[in-house]
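Take each chain as given, in its own frame, and dock them per the hints.
Same order as they appear, the protein sequences are chains A and B. Going by the UniProt record's numbering, the first residue of the first sequence is number 1, and it counts up by one from there. Going by the UniProt record's numbering, the first residue of the second sequence is number 1, and it counts up by one from there.
Just so you know, the hints here were simulated from the structure itself, not pulled from any lab data. Keep in mind the model is a prediction, meaning the values are calculated, not measured. Cβ atoms here follow ideal geometry from the backbone N, Cα and C, with glycine treated the same way. Check before you lean on any hint, since a few could be wrong.
Stated by the list, open to error - Okay, derived cross-link-like pairs now, DSSO-like style, lysine-lysine, Cα gap no bigger than 27 Å in a straight line:
#1 A:K210 <-> A:K20
#2 B:K304 <-> B:K368
#3 A:K425 <-> B:K372
#4 B:K158 <-> B:K129
#5 A:K425 <-> B:K215
#6 A:K298 <-> A:K213
#7 B:K294 <-> B:K98
#8 B:K319 <-> A:K298
#9 B:K280 <-> A:K147
#10 B:K321 <-> B:K294
#11 B:K319 <-> B:K280
#12 B:K129 <-> B:K103
#13 B:K275 <-> A:K425
#14 B:K158 <-> B:K82
#15 B:K79 <-> B:K153
#16 B:K275 <-> A:K298
#17 A:K213 <-> A:K36
#18 B:K319 <-> B:K294
#19 B:K365 <-> B:K4
#20 A:K147 <-> B:K275
#21 B:K90 <-> B:K103
Stated by the list, open to error - Computed, partial: chain B to chain A, Cβ under 10 Å:
#22 I190
#23 R266
#24 E270
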Amino acid sequence: MTLTVLKSTSQGSWEKRILKSLNSMCTELSIPLARKRPVGEQKELLNKWNEMGTDEPDLSLFRPVYAPKDFLEVLINLRNPNYENGDSLSFRTHLGLIQVPLKVKDIPELKEFFVELGLTTGQLGIDDSTQVPPELFENEHVRIGQKVLAEQDSAAAQQYIRQGSPTALRAELWALILNISSQPEDILYYEQLKTNVIQHDLLVDSLIYKDVKLTASNDDYYFVFEDYLYQVLLCFSRDTSVLGHFAYNSASPPKSYIRGKLGLEEYAVFYPPNGVIPFHGFSMYVAPLCFLYHEPSKLYQIFREMYVRFFFRLHSISSHPSGIVSLCLLFETLLQTYLPQLFYHLREIGAQPLRISFKWMVRAFSGYLATDQLLLLWDRILGYNSLEILAVLAAAVFAFRAVNLMEVTSLAAAEAVLADLSTLKVMPLLQIFLFATVT
Amino acid sequence: MAGKVKWVTDIEKSVLINNFEKRGWVQVTENEDWNFYWMSVQTIRNVFSVEAGYRLSDDQIVNHFPNHYELTRKDLMVKNIKRYRKELEKEGSPLAEKDENGKYLYLDFVPVTYMLPADYNLFVEEFRKSPSSTWIMKPCGKAQGKGIFLINKLSQIKKWSRDSKTSSFVTQSTKEAYVISLYINNPLLIGGRKFDLRLYVLVSTYRPLRCYMYKLGFCRFCTVKYTPSTSELDNMFVHLTNVAIQKHGEDYNHIHGGKWTVNNLRLYLESTRGKEVTGKLFDEIHWIIVQSLKAVAPVMNNDKHCFECYGYDIIIDDKLKPWLIEVNASPSLTSSTANDRILKYNLINDTLNIAVPNGEIPDCKWNKSPPKEVLGNYEILSCTFLHGPGARMLMERGSYDEELAQGDGADRELRSRQGQSLGPRGGRSRDSGRTILTTWK
Numbered sequence: 001m002t003l004t005v006l007k008s009t010s011q012g013s014w015e016k017r018i019l020k021s022l023n024s025m026c027t028e029l030s031i032p033l034a035r036k037r038p039v040g041e042q043k044e045l046l047n048k049w050n051e052m053g054t055d056e057p058d059l060s061l062f063r064p065v066y067a068p069k070d071f072l073e074v075l076i077n078l079r080n081p082n083y084e085n086g087d088s089l090s091f092r093t094h095l096g097l098i099q100v101p102l103k104v105k106d107i108p109e110l111k112e113f114f115v116e117l118g119l120t121t122g123q124l125g126i127d128d129s130t131q132v133p134p135e136l137f138e139n140e141h142v143r144i145g146q147k148v149l150a151e152q153d154s155a156a157a158q159q160y161i162r163q164g165s166p167t168a169l170r171a172e173l174w175a176l177i178l179n180i181s182s183q184p185e186d187i188l189y190y191e192q193l194k195t196n197v198i199q200h201d202l203l204v205d206s207l208i209y210k211d212v213k214l215t216a217s218n219d220d221y222y223f224v225f226e227d228y229l230y231q232v233l234l235c236f237s238r239d240t241s242v243l244g245h246f247a248y249n250s251a252s253p254p255k256s257y258i259r260g261k262l263g264l265e266e267y268a269v270f271y272p273p274n275g276v277i278p279f280h281g282f283s284m285y286v287a288p289l290c291f292l293y294h295e296p297s298k299l300y301q302i303f304r305e306m307y308v309r310f311f312f313r314l315h316s317i318s319s320h321p322s323g324i325v326s327l328c329l330l331f332e333t334l335l336q337t338y339l340p341q342l343f344y345h346l347r348e349i350g351a352q353p354l355r356i357s358f359k360w361m362v363r364a365f366s367g368y369l370a371t372d373q374l375l376l377l378w379d380r381i382l383g384y385n386s387l388e389i390l391a392v393l394a395a396a397v398f399a400f401r402a403v404n405l406m407e408v409t410s411l412a413a414a415e416a417v418l419a420d421l422s423t424l425k426v427m428p429l430l431q432i433f434l435f436a437t438v439t
Numbered sequence: 001m002a003g004k005v006k007w008v009t010d011i012e013k014s015v016l017i018n019n020f021e022k023r024g025w026v027q028v029t030e031n032e033d034w035n036f037y038w039m040s041v042q043t044i045r046n047v048f049s050v051e052a053g054y055r056l057s058d059d060q061i062v063n064h065f066p067n068h069y070e071l072t073r074k075d076l077m078v079k080n081i082k083r084y085r086k087e088l089e090k091e092g093s094p095l096a097e098k099d100e101n102g103k104y105l106y107l108d109f110v111p112v113t114y115m116l117p118a119d120y121n122l123f124v125e126e127f128r129k130s131p132s133s134t135w136i137m138k139p140c141g142k143a144q145g146k147g148i149f150l151i152n153k154l155s156q157i158k159k160w161s162r163d164s165k166t167s168s169f170v171t172q173s174t175k176e177a178y179v180i181s182l183y184i185n186n187p188l189l190i191g192g193r194k195f196d197l198r199l200y201v202l203v204s205t206y207r208p209l210r211c212y213m214y215k216l217g218f219c220r221f222c223t224v225k226y227t228p229s230t231s232e233l234d235n236m237f238v239h240l241t242n243v244a245i246q247k248h249g250e251d252y253n254h255i256h257g258g259k260w261t262v263n264n265l266r267l268y269l270e271s272t273r274g275k276e277v278t279g280k281l282f283d284e285i286h287w288i289i290v291q292s293l294k295a296v297a298p299v300m301n302n303d304k305h306c307f308e309c310y311g312y313d314i315i316i317d318d319k320l321k322p323w324l325i326e327v328n329a330s331p332s333l334t335s336s337t338a339n340d341r342i343l344k345y346n347l348i349n350d351t352l353n354i355a356v357p358n359g360e361i362p363d364c365k366w367n368k369s370p371p372k373e374v375l376g377n378y379e380i381l382s383c384t385f386l387h388g389p390g391a392r393m394l395m396e397r398g399s400y401d402e403e404l405a406q407g408d409g410a411d412r413e414l415r416s417r418q419g420q421s422l423g424p425r426g427g428r429s430r431d432s433g434r435t436i437l438t439t440w441k
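Bound conformation, chain B alone (with noise of 0.2 Å):
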């Protein structure tokens, strides 16, 4: 019997509300009995907490996962990021293979971060190597660009080093714990400015990993011109390149808003750079998004009820390699410019069609396994070592042709060009890719 799937959201955007009725969903609160909840994330916190005692029934979905905090807060990432590299290097993981100068491989996608203050000490051995160099502090629970600072000597963080007297406070609240990262100070530069990538990722399940990225991602460009110059360590305008910041510079254009589509992106690297090398940067900024997520997936609590849209931020340095800046659990539904109201609502839309298969009453038992016609502007990403980085160390070592062959043929299909959808997985189960590691030599 299908009835209308009853919609709740606590965010009242636009792009939000026109996709619901478009499905012809009917619009419920709170209190009432609904299907799909397109919540904030201060209200997953009070949906999955332990006072709350609220249990989700088969027919009802929301669009974030309890705990996702682990991939969305600056300090958890790193944690778990590092937390899995350390497993797979305790494993012997050929991915976890070091250079010479003790860096990973093929696992040095975040710049070196560290925890304040708790790391401090740490941190100041890392800042004495390279006395020059540029960190950026950031509030580890604030979004938009908020009270995010550059610094370049160590008495700009004198506040948070462990033995200061004031630290006292700083410990005790985690509101106001902070990372500080290398800044990437080479960034690549388009016109001479500097750019950032936003992509949009969604997560149907984490065990099973399911994940898709979309294909229409943008970049976001500083208005003022890029300089390294420790003058313009304090004009916010010059360094971050978070819409809501840009958004107030003198120079800000409410046509296209400072933004470019991955496709331009891609034009202009292939035609200034060459094939080959593009390539293989859009793969490692694939490998990353994967990696990122297997490192929190064995922490998720993979509630069947949920799905999520993380926003990636991503920036590529003067060598087209790509870092992971952060991700966020509640990308931006505001609409900057007409294009991007035109954009955010192909997203949502297309992540309505995975994640409620049909527009109808869900049933969280099914197998989140959309078929290729509905993924719209979203691509399968390949969640095993046989893309990227990961198939070229395989491919070293030989091993290549062994993993396809162990595979369950959805790889070799999405080798080709047509897309597949990742359909019933075969005999083995894919729990975070750990299978494939035990069988490695």
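One chain only, chain A, in its complex shape (with noise of 0.2 Å):
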């Protein structure tokens, strides 16, 4: 199974389209790419950094790059060409959307690698509910957590937090986990990408802003962390450092050139400087975060550190187990082996289940869980250090809505039964579907 076929066809035609969409939106709009801010508007704008939210640019020529739904019709066409037929057996009869036969876990390994969310094992999102009392788990459970953040072991934090983190020590412990600790010299380079949004103006600033109005400032949780996303995200555009995670991502940076420089590559810039062109939704990764960071530098490094080692994954083409592609296959093979009659049925009445589910993994579930059951499931992705886990919280879903799907018709139906997240508790969705379930 050739994984270079993968990473350099489709995900460079898949860049290509993108970066395609973003110079005929620079043409079309004569914006250019980037340019340095006149000094009025450089001291404006200083004056208004903690609230850009009340600005009103124009925006309505601007159209995100490409939302999700664009991103999965890429997915769907994934072919390995050197696919044989004597290869996997099975996956002949997989009858999802995904075409690429990647290895994914099964149920039974899946136990194995999420042992800790078993039915024996306290969690938080189960073991703390107002019906236990604290002294069975909780109480314990948080003086455990007290001890491996006063010992600042990273390790430990890790394996820890498999079971959840008490909300109270959530940030030191994702702090630890991800190895971020607020130096003066991180202090320092937030001001220095700060002192570049000032003084240059992107493009993708405004794809930025508009993408910040769309989503996070109509969302129940999140609109009031409205100002701190567009303080995270322009800066974000130009951190360089983040050119590095590329050295492990399939994907490449978008190139631009000089003026009338084109094809040479001593003129060649990375556009936008960090590397990632923003879709619609890309918000959403850093909303949750303004629940556990106020500080807005300290906030800025955890999404940074988020995004380089989990979030890229969930929107360029790979075949690492934790890489988009994987996780819809895997979701897909879930449902298709343990609960085959709902999937058949959705299948016949056109509503193949990766086309409603596609956009909670892109999202990690971003803007459709409650904000508590949201960092309940990100402390399990750090924890395992895998995103696996939102294909099977993805399967869990339908299987508990299960009965009313398999009453729909159609895929606006099957749409409407899974619009509403809002009220699911996702520790037990998981541990049912994983651990107690008959297969």
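In structure tokens:
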């Protein structure tokens, strides 16, 4: 199974498309990709730094470069040209949208991988509910968490957080696991990025603005933090240290050439400077973090680390087990194998399950779950250093609403059944799906 | 014989009417025989006025206490709280203890307030002590943020001075009475924005005090970034959180309406400040609600035909201290967003379940002790001192266990995670907590 093919062709042509889209927007609107701000404008922006949300630039002509559903179409059309008929027999019977035979875990393997989520182990998100006396689990778990923090043991923190983090300890635990400590040089670095933002205006800034206005500003939980989102994302797009993650990412950062020097490598610059072009919903990666960190440079560092460790995999094409392609395949395989009736029914009525669950996974469920549940889910992403839990949760949600889904007769009706996830409790769902379903 | 409850209302709001209809109640007019009247505050004045000669029968309930204004008018609320504190002080109650600066340790939850023009001179004295302070002027009888303005110079309120030639008009008409309170210029900010808390509190009787707090309160955020700068004093979008005002701001969003649930607030505070201080904050909020009710309980006409659902407005400062701003007798039943509509519908539903047991024709002589199952999203507010700041104070004095032993067991169970209904009281009557005080040395 050759991965290089995936790397070079599909990701490559996807990148070309995005860049083309960006360039044409640039030409249509006659806006440069980047320009230096006049001094007056710089001063104004500095004054408004803490309330950029009140700015109302005309964004009507800007379109997001792409939305998750565009990306899904690309993934659906992925083929491995080296695929032989003799390959994976079971894959030939795969009836989902993903047609790339990557290796994904089955339930027995998932049970082993996620062993700490088992029925006999205490969990936050289940065993801290008001009906359960705190002496049974919660108090001791909190005590252990405090000890882990006191000893600043990152590996222990990662193991500990598999059972969930107490709300009061979460900010510190995540920082410990991600190896973020706010040193003066980190704060200085952030200030430097802020200066870049003040001095130069990038086209992607308008895209970021638009995204925040369309998503986070309308969200019941995150609208309060709108201004922090600009402060983080505008700096993020100028942060060249983010380019480092491309070393282990099959993608490559989009390049732009100084005017008149097209194709000449010495005149190539990465655009945007961090190499990441935001898509519709991108700001939702940052939003939940605002519940934990209110100091801008710390918030920034945490987000950047979360991005280069995890989130980038959700919108680039690779064969990594936590990459979006594998997650989609894992989701579809789980559904087809363990809920075949539901899967076939949905397929029959033209409601391929992945078409509904894709957006949840691309956003790591941000904006779909209640915040406290989302944070419990992201605890486990950090604890297991894997995004596979997103696919498992997506399948668990379908399993939970299976009865209603069996009765629908159209894609629209299926979407309606799954439109509102805000009341779901993720840990019971995961536990039941992995450990309590008779297969 | 269970007939259907006959209802009347003079407030045409769907969240009310839908709730009545879903119970199968029958709408009638004011002049007919009715069992349940959800009335506006103007109407309650008429019902209980001396001229009306209204006598409510045992099967009639109304949603206001006759003199609710003791709590819900800004000046009377402050007067009653001040009186309550002075009484406790006179009795030598530990609750009325003060710190070295003369501030009440446990009962300092209303910002320094004066009535104008009556206390004008007292106010001036206070103002001169901290001349850079900002004060907020509020008309006593208005709501929804009407007529409120901020001042930071004495000249801005000259006309309320008693010596002023124009004051004669002001003193005659109580309609133009104002209260002036120290403006809390260090509010807790989230995302750089100021917010206040709206909590709903149901009182079914004042003596004994039975009160319930709705768990699903909400925070109302200002759309504009908070700045204490004096240039923004006139910008009401920065300072007043009333939705009636915010709704007209350019940035008002009709999806979330600038509101957060109290649960969001709790999650945010626990995550950024820690569990203990957050728990302490919420304890203190419960405490000030109960203390404010105890303060007015002695002067309240505890008419058995009445219950009331109040809207409490609370501001939290950046030291995580809650302040009681005001209490509304007629909290808005208008919905600004879809979530809002659902919340208010459920609020009325749970209120009716407690106030009108089983949805049947009421009998005012019932003991007003609803079973736990009907509470819905309401939780019982303990009216003893065994929680919150009162508890801490008792523990410091070593009298906590003694107090607990004298309790009727209801509070002991309240402390456990399972809620417990108040149930029938034990041997002693609890008359606004006075009996507890007299047993202390």
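How the hints compare with the structure:
The straight-line distance between the Cα atoms of K210 of chain A and K20 of chain A is roughly 19 Å, inside the 27 Å bound, and the hint therefore holds. At roughly 9 Å between alpha-carbon atoms, K304 of chain B and K368 of chain B fall within 27 Å of each other, so this suggested pair holds. Using a Cα cut-off of 27 Å, the hinted pair K425 of chain A and K372 of chain B holds, with the two alpha carbons roughly 25 Å apart. Restraint check: the Cα-Cα separation between K158 of chain B and K129 of chain B comes to about 18 Å, which is no more than 27 Å; the hinted pair holds.
With a C-alpha separation of about 19 Å, the suggested pair K425 of chain A and K215 of chain B falls inside the 27 Å cut-off, and the hint holds. For the suggested pair K298 of chain A and K213 of chain A, the alpha carbons sit about 23 Å apart, so the restraint of at most 27 Å is met. Taking the CA atoms of K294 of chain B and K98 of chain B, the gap is about 19 Å. The hint holds against a cut of 27 Å. Restraint check for K319 of chain B and K298 of chain A: the C-alpha separation of about 22 Å stays at or below 27 Å, so the hint holds.
Between K280 of chain B and K147 of chain A the alpha-carbon distance is near 23 Å, which keeps this suggested pair within the 27 Å criterion. With a C-alpha separation of about 20 Å, the suggested pair K321 of chain B and K294 of chain B falls inside the 27 Å cut-off, and the hint holds. Restraint check: the Cα-Cα separation between K319 of chain B and K280 of chain B comes to about 12 Å, which is no more than 27 Å; the hinted pair holds. Of the supplied pair hints, the one linking K129 of chain B and K103 of chain B holds, its CA atoms being roughly 15 Å apart against a limit of 27 Å.
Pair hint K275 of chain B plus K425 of chain A holds up; C-alpha atoms about 22 Å apart against a cutoff of 27 Å. Restraint check for K158 of chain B and K82 of chain B: satisfied, since their Cα atoms lie roughly 26 Å apart, inside the 27 Å limit. Proximity of K79 of chain B to K153 of chain B is assessed by CA-CA distance (about 25 Å); at most 27 Å being required, the pair is judged to hold. At most 27 Å may separate the alpha-carbon atoms for a hinted pair to count; K275 of chain B and K298 of chain A meet this at roughly 21 Å.
Of the pairs offered as hints, the one joining K213 of chain A and K36 of chain A holds, with about 24 Å between alpha carbons and a cut-off of 27 Å not exceeded. Proximity of K319 of chain B to K294 of chain B is assessed by CA-CA distance (about 26 Å); at most 27 Å being required, the pair is judged to hold. For a cut-off of 27 Å, the pair hint linking K365 of chain B to K4 of chain B stands: about 19 Å separates their Cα positions. Among the hinted pairs, K147 of chain A with K275 of chain B is consistent with the structure: their alpha-carbon atoms are about 16 Å apart, no more than 27 Å.
Proposed proximity of K90 of chain B and K103 of chain B is supported: the alpha carbons are some 16 Å apart, at most 27 Å. For the restraint placing I190 of chain B at the interface with chain A, the shortest Cβ-Cβ distance is roughly 6 Å, inside the 10 Å limit, so the hint holds. With a least beta-carbon distance of about 9 Å to chain A, the hint placing R266 of chain B at the interface is held under the 10 Å criterion. At its closest, the beta carbon of E270 of chain B sits 4 Å from a beta carbon of chain A; the interface hint therefore holds under the 10 Å criterion.
Consistency with the previously given hints is maintained throughout, with no hint failing.
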